[in-house]
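**Student:** Chain by chain, the residues:
2 protein chains.
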Amino acid sequence: MANIEKQSQSSFQTALYALSLEREAAAPLHVQLADALRRMILTGIAPPGARVPASRALAAELSISRMTATTALDQLTAEGYLETRQGAGTYVASNLPHISPPSRAPAPGPEPDAPTAPLPFHPAIPDLAAFPHALWARHLERAWRRPEPALLALPDPAGYAALRDAIAAHLSAWRGLNVSAGQIIITSGATQAMALAARALLAPGDKVLMEDPGFAPMKAAMRDADLVPRPHAIDTDGFDIESAARDCPSARAVLVTPSRHYPLGITLPLPRRLALIDWAARNGAFIFEDDYDSEFRYVGQPLPALSALDGSHRTLYIGSFSKLLSPALRLGYLVVPVSLLPRFGPALSHHQGASLVPQPALANFMETGEFAAHLRKMRRLYAKRQKTLLNALAYHLPDHLTATPDPSGMHIVARPGPALTKPDTVVGQQAEQVGLTLRPLSRYFSKHPQQGFVLGYAGFDEPTLEAAVKKLAGILSA
Amino acid sequence: MANIEKQSQSSFQTALYALSLEREAAAPLHVQLADALRRMILTGIAPPGARVPASRALAAELSISRMTATTALDQLTAEGYLETRQGAGTYVASNLPHISPPSRAPAPGPEPDAPTAPLPFHPAIPDLAAFPHALWARHLERAWRRPEPALLALPDPAGYAALRDAIAAHLSAWRGLNVSAGQIIITSGATQAMALAARALLAPGDKVLMEDPGFAPMKAAMRDADLVPRPHAIDTDGFDIESAARDCPSARAVLVTPSRHYPLGITLPLPRRLALIDWAARNGAFIFEDDYDSEFRYVGQPLPALSALDGSHRTLYIGSFSKLLSPALRLGYLVVPVSLLPRFGPALSHHQGASLVPQPALANFMETGEFAAHLRKMRRLYAKRQKTLLNALAYHLPDHLTATPDPSGMHIVARPGPALTKPDTVVGQQAEQVGLTLRPLSRYFSKHPQQGFVLGYAGFDEPTLEAAVKKLAGILSA
Chain A
1 MANIEKQSQS SFQTALYALS LEREAAAPLH VQLADALRRM ILTGIAPPGA RVPASRALAA
61 ELSISRMTAT TALDQLTAEG YLETRQGAGT YVASNLPHIS PPSRAPAPGP EPDAPTAPLP
121 FHPAIPDLAA FPHALWARHL ERAWRRPEPA LLALPDPAGY AALRDAIAAH LSAWRGLNVS
181 AGQIIITSGA TQAMALAARA LLAPGDKVLM EDPGFAPMKA AMRDADLVPR PHAIDTDGFD
241 IESAARDCPS ARAVLVTPSR HYPLGITLPL PRRLALIDWA ARNGAFIFED DYDSEFRYVG
301 QPLPALSALD GSHRTLYIGS FSKLLSPALR LGYLVVPVSL LPRFGPALSH HQGASLVPQP
361 ALANFMETGE FAAHLRKMRR LYAKRQKTLL NALAYHLPDH LTATPDPSGM HIVARPGPAL
421 TKPDTVVGQQ AEQVGLTLRP LSRYFSKHPQ QGFVLGYAGF DEPTLEAAVK KLAGILSA
Chain B
479 MANIEKQSQS SFQTALYALS LEREAAAPLH VQLADALRRM ILTGIAPPGA RVPASRALAA
539 ELSISRMTAT TALDQLTAEG YLETRQGAGT YVASNLPHIS PPSRAPAPGP EPDAPTAPLP
599 FHPAIPDLAA FPHALWARHL ERAWRRPEPA LLALPDPAGY AALRDAIAAH LSAWRGLNVS
659 AGQIIITSGA TQAMALAARA LLAPGDKVLM EDPGFAPMKA AMRDADLVPR PHAIDTDGFD
719 IESAARDCPS ARAVLVTPSR HYPLGITLPL PRRLALIDWA ARNGAFIFED DYDSEFRYVG
779 QPLPALSALD GSHRTLYIGS FSKLLSPALR LGYLVVPVSL LPRFGPALSH HQGASLVPQP
839 ALANFMETGE FAAHLRKMRR LYAKRQKTLL NALAYHLPDH LTATPDPSGM HIVARPGPAL
899 TKPDTVVGQQ AEQVGLTLRP LSRYFSKHPQ QGFVLGYAGF DEPTLEAAVK KLAGILSA
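Chains as they are written, first to last, in our numbering: chain A, 1 to 478; chain B, 479 to 956.
Hints are supplied without guarantee of correctness; some may be wrong.
Here chain B is said to cover these stretches of chain A; the calculated rule only asks that three of the stretch's residues, wherever they fall, bring their Cβ under 8 Å from a Cβ of chain B [what the hints assert, rightly or not]:
1. 71 to 84
2. 319 to 329
3. 348 to 360
4. 366 to 375
5. 403 to 414
Residues from chain B that keep clear of chain A, each with C-beta distances beyond 12 Å, as calculated [said to hold, decoys possible]:
6. R534
7. H600
8. A607
9. P633
10. N656
11. R701
12. P707
13. T714
14. T745
15. P749
16. L819
17. Q837
18. V904
Stretches of chain B that chain A covers, calculated by requiring three or more beta carbons in the stretch to come under 8 Å of a beta carbon on chain A [as the list claims (entries may be wrong)]:
19. 722 to 731
20. 906 to 912
Derived by calculation from the structure, the hints in this document are not laboratory data.
Computed from a predicted structure; not experimentally measured.
By construction, the Cβ of each residue, glycine as well, lies at the ideal position given by its N, Cα and C atoms.
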């Protein structure tokens, strides 16, 4: 063709005749030839309109049968890469103008970032070094080496039955919650549990009360589920449904952290719990109870879950394993009151359940008691770490930060002392520059932000915590 | 109190004095006592208003120190379960009217359903019996026994780097796609990949063209992402963007299955592919390429992915491991053109990635070549099964169903022959009653449904397929 430069036509022919097809390869010769020719077209070596040698010439040059050559050319003609012109031979299709030659080397592009170890005081990170990895690996291996039939069946969107059994037993022992396995739906985390509950029980545009300050990812998940989050300021006793309902009488649900307010750590007193249950019953509304790290209680017994109190069965319990084992597990669950289960049918049919891979291993880990033993061990470890952090803060920053012992959890909240004048967000940025993850408390608020810091201690050993507090002291007293 | 029946007051006292606290237990005696008393209140044994024995009496009856008794009562008073009345002792709080006694036995509730084995002709189910479970279990064990630091770091929302590397290598070898690992985002499946792409690139209310018939879960995922799916009828060559764009000129994206139309199996010819790329470039629109089971090609070489053709870099490739390994893995991925990566920053920060647990194992499984060997083995197996199914249909149902060999995939589509007069949905229901999962083709259409059946064969061995066809013949000729 006139518009094909001679040079590119000839370099195409050179490349084509230089092909070495492998007679010993698994792929038949005609497949190898078609594949090579297709790549030449896609990479621009064979430009649109270029003439393809006749099958006879091709066969001779490549030492293949003419049938092999014809088969390859026919395949590419069928695919649209080549076109034949009556009496004029075969050409690279001329209607391929948009093909830009992709490079044969990997496309220039970013490589994945190196993953970062959590920096002190990242909250919500369990101590993964203390995790019994060998045990866990063995449970994984055992569960999948000769998987039982249920693991090869159609995955139940509600999750693996043995894990649901184990969670029911765990909730009874640790949270005073008597539920059956059939009420438990495994999810890929707490936010997915909340979204699933919302999809089953609420309508787009429904208003959901939540605590201010609160957990931002839950707010984002609500918006994703087309709900309207309505944060309401808590007081010293935590969330007050009566005051919140006065502000937003049309709310259809409330998301609360009654065991331990996030992030302030307040335990919701019984009268406020009862008022929540009463409000939900009177309004036909729902309570989403996010019980995010209640297992780590260092002083006294944890209050039973709000769900255990709720005789009217309008409370949905949300649990997660991300703080008990690892955020990377991506396993959480929702506990649904029996009377509400029928409303979950349609939502469950859409529910993209969690990966089945860790589920049988986690079920075994729980059934053997190893999980409870690990929790108890972590409880002791984290209690010591909290003490270390508090002591270090009192020693190095007595006038800059004020923090009191917290009976539970994986982080404490420190408030500014008289010597601290910089805004918490500024301190947070400075801390980032010296390798600390210091979350400003003000960021957890929707309105009327308070100053302070959320300091996670669970994931860091005592020398690390002490060194981090010294680093922080360097920033604050600069 | 007058309103507390004498009998319940006395049965409470009996229960309380019958308590046996364990001196050897890990929990201190006051914790055990508070816990027991709390349970009595929650279960209704200690009704609101009931009088609690004085700490002196309690200590004497239970053989504990008076300090132990006082500490327990103080804790429950602080929690709101008990209240003290000036000079009149301690009572179960009277403002607990909504507590209905939860039963101590597990709540009556449904047990999880027994999981069901896939029935013939369930489509999209790989042969899990042929899966190399022992190898896979060993990879899981090895990856987690002494996990490398990256597995214990903060999880990268884009997924585990080694898996992204392995997928890039797989795409280059199998799909002619040269991309870098940094362009790959691991997701919990194909629908999540589509939703992530939509969140990054589109706005709520944007119209997305899709093929009619098509894959219903993708349509549902679009609606969840606040997009407006616009199915457009395909013709014998598959999806025609020019005709679709005339019908819906404001479409901002298109979701297509160019390698193998779902469910009809049509391979989109090159001119139509180029028209798609041209349309996207001219309109600043996007192409979502769902490449759902292109690895199983029995005849000829697969066409390279549409993304490999797209010089203008507006095609996002969606892959999944659900048909290659198991739907229970819940692993898929999205390949993003380099120039679009910056737009994924905010969407990735919200992205709840897939479980990390299977990711290092899958990466090793791919790097060792075992994954490719498994795919090749499955390709041979599935090719034979397709042949068996076609032969059985031709033998047992020559006048009722017409099906032709399909060069790829895990299912075939059978069309009604002259002897079949019942609607496909009726036959589907009858088939369900005899233990077959026979998907009516009409159900895949939004408009102008065609009659037929989608028959999956990949997950069933040859005797099972033959028996299933005989069963189906029993229904159709009845």
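**Student:** So, for every hint listed, does it hold in this structure?
**Tutor:** So, going through the hints one by one against the coordinates:
1. Figure legend: the segment 71 to 84 of chain A, annotated as covered by chain B; annotation consistent (4 residues with Cβ-Cβ distances under 8 Å, at least 3 required).
2. With 4 residues having a Cβ less than 8 Å from any Cβ of chain B, the segment 319 to 329 of chain A passes the three-residue criterion, so the hint holds.
3. Using a Cβ-Cβ cut-off of 8 Å, 8 residues of the segment 348 to 360 of chain A lie near chain B, which meets the minimum of three, so the contact claim holds.
4. By the rule of at least three residues with a Cβ nearer than 8 Å to a Cβ of chain B, the coverage given for the segment 366 to 375 of chain A is violated, with 0 such residues.
5. A count of 0 residues in the segment 403 to 414 of chain A with a Cβ less than 8 Å from any Cβ of chain B is obtained; the coverage claim is therefore unmet, three being the minimum.
6. With a closest Cβ-Cβ approach of about 23 Å to chain A, R534(B) is found to remain outside the 12 Å limit, as its non-interface label requires.
7. The Cβ of H600(B) does not lie farther than 12 Å from every Cβ of chain A; its closest approach is about 8 Å, which violates its non-interface assignment.
8. At the 12 Å boundary, the C-beta of A607(B) falls inside the reach of chain A, the nearest C-beta of that chain being 7 Å off.
9. The beta carbon of P633(B) sits about 4 Å from the closest Cβ of chain A, which is not more than 12 Å, so the claim that it is off the interface is violated.
10. Remark: the non-interface label on N656(B) conflicts with the geometry, its nearest Cβ contact in chain A lying 5 Å away (cut-off 12 Å).
11. Some Cβ of chain A comes within 12 Å of the Cβ of R701(B); the nearest lies about 10 Å off, and the non-interface call is violated.
12. Listed as a non-interface residue, P707(B) keeps its Cβ farther than 12 Å from every Cβ of chain A; the least gap is roughly 15 Å.
13. Every CB of chain A lies more than 12 Å from the CB of T714(B), the least distance being 14 Å, so the non-interface label holds.
14. Not every beta carbon of chain A lies more than 12 Å from that of T745(B), the smallest distance being close to 8 Å; the non-interface claim is violated.
15. Non-interface status of P749(B) relative to chain A is broken: a Cβ of that chain comes within 12 Å, the nearest being about 6 Å off.
16. Not every Cβ of chain A is farther than 12 Å from the Cβ of L819(B); the closest lies at roughly 7 Å, contradicting the non-interface assignment.
17. A beta-carbon of chain A is positioned within 12 Å of the beta-carbon of Q837(B); the least distance is around 9 Å.
18. A cut-off of 12 Å between C-beta atoms confirms that V904(B) is not in contact with chain A; the least separation is 22 Å.
19. Only residues whose beta carbon comes within less than 8 Å of a beta carbon in chain A count, and the segment 722 to 731 of chain B has 0; fewer than three means the coverage is violated.
20. Here the segment 906 to 912 of chain B counts 0 residues with a CB under 8 Å from a CB of chain A, which misses the bar of 3, and the coverage is violated.
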